[in-house]
Amino acid sequence: MGPNEKTDLELPEDTIVGSPLATRKTHTFDHIGSFATVAQYTPGRTRNRILMSIYIVLIKAKINVLLPFGPLAIMLHYLTGKHGWVFFFSLIGIIPLAERLGYATEQLASYTGPTVGGLLNATFGNATEMIISIYALNNGMIRVVQQSLLGSILSNMLLVLGCAFFTGGIVHCNKDQVFNKAAAVVNSGLLLMAVMGLMFPAVLHFTHSELHYGRSELALSRFSSCIMLVAYAGYLFFQLKSQHELYKPIGEEEVANENDSDDEDAPEITQWEAISWLAVLTVWVSILSGYLVDAIQGASESMNMPVAFISVILLPIVGNAAEHASAIMFAMKDKLDITLGVAIGSSTQISMFVIPFCVVVGWIMGRQMDLNFQLFETATLFITVLVVAFMLQEGTANYFKGLMLILCYLIVAASFFVHIDPVASD
Amino acid sequence: MMRPVDEKESFAMEVETIVDSSVSSVKRYPPEMPHNGPLSSVAYSWILWRILKRLSKSIKVVIFGTKINILLPFGPLSIVLHFLTENHGLVFFFSLIGITPLAERLGYATEQLAAYTGQTVGGLLNATFGNATEMIIAMYALKNGMIRVVQQSLLGSILSNMLLVLGCAFFAGGVVHSKKDQIFNKAAAVVNSGLLLMAVMGLMFPAVLHFTHSEVQYGKSEVALSRFSSCVMLIAYASYLVFQLKSHRNLYHPIEDEEGLNEADLDEDEPPELSQWEAISWLAILTLWISILSEYLVDAIEGASDALNLPMAFISVILLPIVGNAAEHASAIMFAMKNKLDITLGVAIGSSTQISMFVIPFSVVVGWLMRQQMDLNFQLFETATLFITVLVVAFMLQDGTANYFKGLMLILCYFIVAASFYFHTDPEKDD
Numbered sequence: 000m001g002p003n004e005k006t007d008l009e010l011p012e013d014t015i016v017g018s019p020l021a022t023r024k025t026h027t028f029d030h031i032g033s034f035a036t037v038a039q040y041t042p043g044r045t046r047n048r049i050l051m052s053i054y055i056v057l058i059k060a061k062i063n064v065l066l067p068f069g070p071l072a073i074m075l076h077y078l079t080g081k082h083g084w085v086f087f088f089s090l091i092g093i094i095p096l097a098e099r100l101g102y103a104t105e106q107l108a109s110y111t112g113p114t115v116g117g118l119l120n121a122t123f124g125n126a127t128e129m130i131i132s133i134y135a136l137n138n139g140m141i142r143v144v145q146q147s148l149l150g151s152i153l154s155n156m157l158l159v160l161g162c163a164f165f166t167g168g169i170v171h172c173n174k175d176q177v178f179n180k181a182a183a184v185v186n187s188g189l190l191l192m193a194v195m196g197l198m199f200p201a202v203l204h205f206t207h208s209e210l211h212y213g214r215s216e217l218a219l220s221r222f223s224s225c226i227m228l229v230a231y232a233g234y235l236f237f238q239l240k241s242q243h244e245l246y247k248p249i250g251e252e253e254v255a256n257e258n259d260s261d262d263e264d265a266p267e268i269t270q271w272e273a274i275s276w277l278a279v280l281t282v283w284v285s286i287l288s289g290y291l292v293d294a295i296q297g298a299s300e301s302m303n304m305p306v307a308f309i310s311v312i313l314l315p316i317v318g319n320a321a322e323h324a325s326a327i328m329f330a331m332k333d334k335l336d337i338t339l340g341v342a343i344g345s346s347t348q349i350s351m352f353v354i355p356f357c358v359v360v361g362w363i364m365g366r367q368m369d370l371n372f373q374l375f376e377t378a379t380l381f382i383t384v385l386v387v388a389f390m391l392q393e394g395t396a397n398y399f400k401g402l403m404l405i406l407c408y409l410i411v412a413a414s415f416f417v418h419i420d421p422v423a424s425d
Numbered sequence: 000m001m002r003p004v005d006e007k008e009s010f011a012m013e014v015e016t017i018v019d020s021s022v023s024s025v026k027r028y029p030p031e032m033p034h035n036g037p038l039s040s041v042a043y044s045w046i047l048w049r050i051l052k053r054l055s056k057s058i059k060v061v062i063f064g065t066k067i068n069i070l071l072p073f074g075p076l077s078i079v080l081h082f083l084t085e086n087h088g089l090v091f092f093f094s095l096i097g098i099t100p101l102a103e104r105l106g107y108a109t110e111q112l113a114a115y116t117g118q119t120v121g122g123l124l125n126a127t128f129g130n131a132t133e134m135i136i137a138m139y140a141l142k143n144g145m146i147r148v149v150q151q152s153l154l155g156s157i158l159s160n161m162l163l164v165l166g167c168a169f170f171a172g173g174v175v176h177s178k179k180d181q182i183f184n185k186a187a188a189v190v191n192s193g194l195l196l197m198a199v200m201g202l203m204f205p206a207v208l209h210f211t212h213s214e215v216q217y218g219k220s221e222v223a224l225s226r227f228s229s230c231v232m233l234i235a236y237a238s239y240l241v242f243q244l245k246s247h248r249n250l251y252h253p254i255e256d257e258e259g260l261n262e263a264d265l266d267e268d269e270p271p272e273l274s275q276w277e278a279i280s281w282l283a284i285l286t287l288w289i290s291i292l293s294e295y296l297v298d299a300i301e302g303a304s305d306a307l308n309l310p311m312a313f314i315s316v317i318l319l320p321i322v323g324n325a326a327e328h329a330s331a332i333m334f335a336m337k338n339k340l341d342i343t344l345g346v347a348i349g350s351s352t353q354i355s356m357f358v359i360p361f362s363v364v365v366g367w368l369m370r371q372q373m374d375l376n377f378q379l380f381e382t383a384t385l386f387i388t389v390l391v392v393a394f395m396l397q398d399g400t401a402n403y404f405k406g407l408m409l410i411l412c413y414f415i416v417a418a419s420f421y422f423h424t425d426p427e428k429d430d
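So the sequences go chain by chain: H and C.
Sequential numbering from 0 applies to the first sequence in numbering that gives the first Met the number 0.
Sequential numbering from 0 applies to the second sequence in numbering that gives the first Met the number 0.
Don't read these hints as lab results, they were simulated from the structure.
Errors might be hidden in some of the hints.
[Claimed, not checked] Chain C side only, calculated, beta carbon under 7 Å to chain H, not exhaustive: (1) 379; (2) 383; (3) 395; (4) 404; (5) 407; (6) 423; (7) 426.
For each residue, glycine too, the CB sits at the ideal point set by N, CA and C.
So here's chain C without its partners, still in its complex pose (with noise of 0.2 Å):
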């Protein structure tokens, strides 16, 4: 018959189409389509049975398409484990490691319908949903109520962004390129530092406030304060996408420059996979299987902290963001290892800024319409922590370099940071 042929050809077709979005979206619709009453039973069926097929081959595509992928039945058994056992510590780590695919899949589905959109509206769906898990998992925290949880989960995030992913990137790549040192783009670090230093400062004001005892209110000051800067520091980071999504792009052109041209297209098959709507569908259902998980995640987190007797403030600072982290971590060193490390530091020191600048204001915003006491007041530890953290990075990024001693104390400072929290624990309220 004519119709199978036809249909693996225009299959065959789509596949091979570059980006062009109002080609590869639409179906090829055989030319002879019936559409009279006593044959629209068997049209209704066949549109039904290309939908499945096109569903099915969706689903190959996005769940069967990666390795990673075999960490997904970890999700449900969570799940199963959460109403069937009390065993806390088992929730948490299965559903850690069932959302890890969950948030990989995510980024990819954001990266496949960025593809369509073009260049700045795709910058913006990176920006927003580059983090998503994070902001999911800091949503429903907030809900209960864990305002510890959020800070210090998302203050993890931005460290093992930071000295973690950075320092495996920097360690990967230097090894393998081990007969000069390579270069990035300066001027992007900069800026980016330069933002770091900016979350820092609106970080640290309500903390000294509140340490020093010397705000007007007690206690009440610093919350406005915090809602204030946070508004503050959501205009500066809107103004960063527009600064680098508009009128600085050339700013942001690695250095190989006749490579350039290639550039955004080498980090992605050459036509996206999915088409249009498959990418909002499965942004959508995405989003959806990560907020499940991450209720019963959170809501493991105190019992697993007793079970496996290791502080909170360690669980959410050193485990979570490891693991919600763990895509962006593998993607970053395999750039550095093919030399694109502009690539990587957009991943790791991108992902820093924008939770600094954009997840934590927004989780106070957040905070705000829930009438949670979200602040910016991380305490002085986390507050300490992140200032040196943001300055030893600052400084090793300033002369666009990078080696493999330089990689190795990244690691090595974030073990010393995992260890310190290791030994932490909020003092007893006493003020």
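Isolated chain H, as found in the complex (with noise of 0.2 Å):
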């Protein structure tokens, strides 16, 4: 990794770091703690660092072409009044910022070993939709927080899933590709636990044999996020636990390379860097995020899409598309463990944290925020849960497994297109 890693590094010589730098950082880049103890101690090592950081962090993946977008999107929603262009611009500029919120994680994770860094994948590994979804709960759009994250939780298990066996297997395609099952299983459990915690406030309501109507329900959803909570947490402390009895990967002898092979082997960043980066990309996901949620209503009636497509399908594949991206490479390398672990972890996440999470957090904030999601989304949910466990049961995947899941995505995408909430007649 070595020789490419300077290959990289001697490219970009007319960048805002110059040539001195540049050479600089090919003796140090192994050294990278060493070097930065060193650059505390005068200013002009200090700016020199600042740059280098930037340019790590913000210049040189080359995702990172999307990030004017951003800046652009702010100006439009103040110049003009069209709420489509700022809704599409926001959502284009928050793709890398999402991507680089998951680098920044995943740095300051090789620093803290693995328990903290299993802690920290498990929590900033939704940041994005976690910070779209409590400025809407802010903004009383109750039903787009339940499609937002009802939809990333379909994207993840079908799109991502399928994309990533698909072309995992058309790139292996003499035989199935293998993954670790007791750990598909457990989320699939989880997941079908999470289904559970959102049919039963549905239905109560539904059949209208709730106790105080309305109101049940909204206990009802509080004391089940809760719940869901505590069985979360159980989750993290299993996982982490016996991470070194049950979730061994396939490839064991590839176990040492595993963690290093995502990180490119060293670090690249300071510890101290990696927590500051954290918090600016945060607190600038969390501005678009401000502009994305306003434009949703606008941009709704300009592309003539009803809310509920663009909330269910448009919003996650954009705060997705990193994870999707990683998910697909893991899969060609035949890292399927990887991959089910982003794209089946991350559903997981969503459905027994974040979702539970925005009712206490509607809770403290004073809103209506319940598990209820309405019979279609609740259905929805609960055959595309037992579709995927159903295809993960056996732990093998081929191409077809993963076209399959694909076109199950198309068909669900379809179904939103055409979805609009009833007039609320009681």
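Quick one: dock chain against chain with the hints and give me the complex.
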């Protein structure tokens, strides 16, 4: 990996950092820690350090070419009334930020060790969805919160996983790929439990069989959310504690290289840089999310699409774009366990952590956020979880399973294209 | 004198005998049994004294044998309260607590009898009497026309067996054996899951037919359909018994084959403690006792619901079964901690299968005979609850392993179900 990195660094010699800095990097890249400590003691070096950090985080990855769309969206918001453009540009502007957020989280995780690293991933992995949801919750757009989180689960389980299985299956078309069944089964069990938690308030309300019409399901949702958060905490404990026994990937000889290959052997930024970048990127994502959420309603009218479609399909596709790419990449490298960890783990995280967390936050904010996602959405989630749990249960993958999942996602997307909430008659 | 020594000897020998019905059930009479006229009164009093001694020993074993029987006085206490006060809540709770030891002793007597009758009839006995308590309560409620209580209490028994009992057992066993996952016989679990899904199917069709207003004769079609489906389900259950006890018995061998031979004995004391006739008599007595208490229990349900400010649904679905299953609960956890998960599964999932494929259809048929409108339409919310629960449990069981996290998930699912029924009431009849 070393020579590749040097080549990478030597190429952009006409960047804002001058060539002396580039050559300095080639010498000291493997001793980042010591370099950083030295760098702290002189302002000149600090400035150079900051510039280099900016370079690594914001410029090096190709995805960052989308970065200017963010400020552009903000400009459009104030200059024109075109909600459609504002919506799309802020959506595109968030993609690189989400990806960089994931990158910063991984960098920090390599310093903190596997346990806290796992916790970090578990919390920040879906930070984008969480931030968008909290903003929508703040604006009282409860249905947008519910539908965007649902859409994120659906897109992870069907689209991301399907594309990963499909490309992996085509690349390795000689045999079925295998993955660790136990982890998939535990995740499927958790997803079914989440479906249970969502189903009861919806069915109670729908059959008009609750004690206090409209209020019972809110109280039930809040109680169920606490239970689901306890279950998620138990899941983290179980996963991190038995990491050594249960979750060994299939290719055990590669375990030693497993964690390094996606960190490029050495962390590229220091611990404090990672933390600061986490904070900076989170603030940036929040700002853009604010404009994004404000533009949803107008975008729906100007583009002539139901709000349901925008929330369930468009929002999550973008929010998951980075995970999408990495899942496909790992499937092609025949590391299906990581792919599953990304895709299904993300779905589990959203269904058992982010959704109950939003209910609790709504409770604190005084909003009527509950787990009653209305019957159509709940039924969609139910059948999707069943399909995916069934596909995963035998521990193998091939391109046809991937194709089935992708086509299922197309059906779901089409359903939401023609879906609208009925006018509240009760 | 010779006789007391003889008696002590014969008692001791009876207690130590391994299962051999012909030997242990025969009372050892001393050879010199007097039967001439002038001595017959002495003979009769002697026989009477022996019978009393036998009876007192039997009572000692059955009634004073376990610690759970300190709850026994609650039964008569609740009857006293029923006549003295109008406090339905207390009557309900006391009769509930009073039934718990009776149910446990009933199970004990059934197992004792099963030791004499051999495996096949023993299995049948377990299959029939295993949920005798639930059956008796259901019959009483049916007689009173409380159809919803019947449906909800049977549903609650299934849910509590599948989620709470199994979850606690998996959790306790997983914590004790935290080094590795526990394993159990997958085949038996899969067959049971299939039967449970079939039961869900039997319950779902009347409910959905009624709910979509798509039946031929509104209100009457689903009762007819329920009665037919119940007969089909009873046939299925009968074949399941044949399958389990006769033809595919080898399918049900537990995983640790070296201990397979001792398996059936290990959950009992080696020799049975009661004779065959004692076991039968105790079965009859306990069933009668439970029936009496159940009547007061069922009568007190509505009053208790008002007094405790709990929905009837919550009482029927959650409270009644927790107590009815208390003994099975304890034994399932104990076996899981001893790493005998197959027995645990037999207790928990087997009981659910039994209720869903035997007790529920049986109640429908009994209701048919009693001319009550008991049907399989458990209303949409209850049916949906059963459906999702069966799916979750079938999914958890399909890979044949268990750990504490699966147990925790099942227990938390039960909390969610319980909370849902806390907020559930039947909608006002507007159709």
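Evaluated hints:
1. 379: Holds. Min distance 5 Å.
2. 383: 5 Å, holds
3. 395: 6 Å, holds
4. 404: This interface hint holds because 4 Å falls under the 7 Å limit.
5. 407: 5 Å, holds
6. 423: 6 Å, holds
7. 426: 5 Å, holds
When each numbered hint is compared with the structure, no violation occurs for any of them.
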